[in-house]
Amino acid sequence: MTGGGRIARGAMALAMLLAGAALTPPGAQADGQKLAFDRAKGNCLTCHEIKGGPAPGNLGPPLADMKARFPDRKELIAIISDETKRNPLTVMPPFKRNLILNDKEIEVIVDFLQTL
Amino acid sequence: MLRQIFVAAVFVLGTAQPLLADNAVDPNADFKAFREYFTKRFPKVPLNDFVNGPYSMDEGLRNQWKSIEEFPPYEFAVEHGKERFAKPFKNGKTLGDCFPNKGIGIRQNYPYFDTKSGEVITLELALNQCLEANGEKPLDYSSQDMAALTAYMAFTSRGKPFDIKIPNDPRALAAYRSGEQYFYTRRGQLNFSCASCHVQNPGGHIRTEVLAPALGILNAMPIYRSTWENMGTITRRFRTCNSQVRGVPLPGQDVLYRNVEYYLSYMGNGLPISGPSARP
Chain A
1 MTGGGRIARG
11 AMALAMLLAG
21 AALTPPGAQA
31 DGQKLAFDRA
41 KGNCLTCHEI
51 KGGPAPGNLG
61 PPLADMKARF
71 PDRKELIAII
81 SDETKRNPLT
91 VMPPFKRNLI
101 LNDKEIEVIV
111 DFLQTL
Chain B
1001 MLRQIFVAAV
1011 FVLGTAQPLL
1021 ADNAVDPNAD
1031 FKAFREYFTK
1041 RFPKVPLNDF
1051 VNGPYSMDEG
1061 LRNQWKSIEE
1071 FPPYEFAVEH
1081 GKERFAKPFK
1091 NGKTLGDCFP
1101 NKGIGIRQNY
1111 PYFDTKSGEV
1121 ITLELALNQC
1131 LEANGEKPLD
1141 YSSQDMAALT
1151 AYMAFTSRGK
1161 PFDIKIPNDP
1171 RALAAYRSGE
1181 QYFYTRRGQL
1191 NFSCASCHVQ
1201 NPGGHIRTEV
1211 LAPALGILNA
1221 MPIYRSTWEN
1231 MGTITRRFRT
1241 CNSQVRGVPL
1251 PGQDVLYRNV
1261 EYYLSYMGNG
1271 LPISGPSARP
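In the order they appear, the protein sequences are chains A and B. Start counting the first sequence at 1; every next residue gets the next number (our numbering). Start counting the second sequence at 1001; every next residue gets the next number (our numbering).
The shape of chain A in the complex, shown without the other chains (with noise of 0.2 Å):
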């Protein structure tokens, strides 16, 4: 390892620690998003109003507003995961719990919500 290299790496990581907290990967909006509105997987529109989904169901809140409302994205993936554990109440399914989605599948979803 040469100490160019070293920091052209250290550069990347630092570049894409910022991409990453300021900007959505390409492609991630759209996949997110085909996720979410996916019946067979995310299927958020039965329950949720989502920008761009028609005939939204109204069981949960809107999901808008969602950066300023959740800036810790680790907080959407709980919720996604298994809001039973926060809500015993609740009827969002458990999405992680009762493998409909899988972890990368609920980052992306996630990267989807923050656009909202």
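Simulated from the structure, these hints should not be mistaken for laboratory data. Accuracy of the hints is not assured; some may be wrong.
Not the full set, but computed from the structure, chain A residues with beta-carbon under 10 Å of chain B [what the hints assert, rightly or not]:
1. Asn43
2. Leu45
3. Pro54
4. Pro56
5. Gly57
6. Ser81
7. Thr84
8. Leu89
9. Val91
10. Pro93
11. Pro94
12. Arg97
13. Asn98
14. Leu99
15. Asn102
Note that beta-carbon positions come from the ideal geometry of N, C-alpha and C, so glycine has one too.
Chain B: place on chain A using the hints.
Then chain B, alone, in the frame of chain A:
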């Protein structure tokens, strides 16, 4: 395989606080709590209107329903059921011969607890028991024929209040409690109990569908569903609900389904039979 796992892990977490009085089985107290929950939550809905399910919850849907009822889509089923009911078996008897009052105006008494067999007898089960006792082939519980028969019988009872009895027999109380527990237990990959939709979210929209309140939900059965473009028995509805929460449907008239029907029908006591009905 995965589905079996979800169903097998029957769901520790409760859903809506069961509308129970306390640990002893007290159907009367449950009945009061259940009724009060819905009437308090929907003070503007006349009590008898709850049997109209989603129409009692949504004005727009009710207007659509009024148009549909001008040419009731279940009429053909009632006609067919009436014919079938009177048609003699090979041995010369008819379905009417198995029932009190020839099967006319008795729907509101079903299900009942049969102390001889120690089981809940639903109308659908009673019809098949009659067929089998007379050497005839039983009907599939989700079939159009079964729906036609129960449609006809419900039609002859229209307006009569549900009159379900729970005798002071530990087996009957156990069956009632089993139905109640089934109703409040989460199941399926989606982790919903019946109560998730019909107690916690009556009037709520899942996409464009409006959820019916559990109060009086069986009074309207069997139904003609526009979505299905044909009739659905109670069995059919229970099975499709199980499938829709990505659980495993039980065989028709499984003891658990009969117990749930017993519980829900009892909760509808005093409310009029409105079946057969049309639904979206």
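Quick rundown of the hints versus the structure:
no., hint, result
1, Asn43, "holds (9 Å)"
2, Leu45, "holds (6 Å)"
3, Pro54, "holds (9 Å)"
4, Pro56, "holds (7 Å)"
5, Gly57, "holds (4 Å)"
6, Ser81, "violated (13 Å)"
7, Thr84, "holds (6 Å)"
8, Leu89, "holds (6 Å)"
9, Val91, "holds (4 Å)"
10, Pro93, "holds (5 Å)"
11, Pro94, "holds (6 Å)"
12, Arg97, "holds (8 Å)"
13, Asn98, "holds (5 Å)"
14, Leu99, "holds (6 Å)"
15, Asn102, "violated (13 Å)"
Comparing the model with each numbered hint stated earlier shows that hints 6, 15 do not hold.
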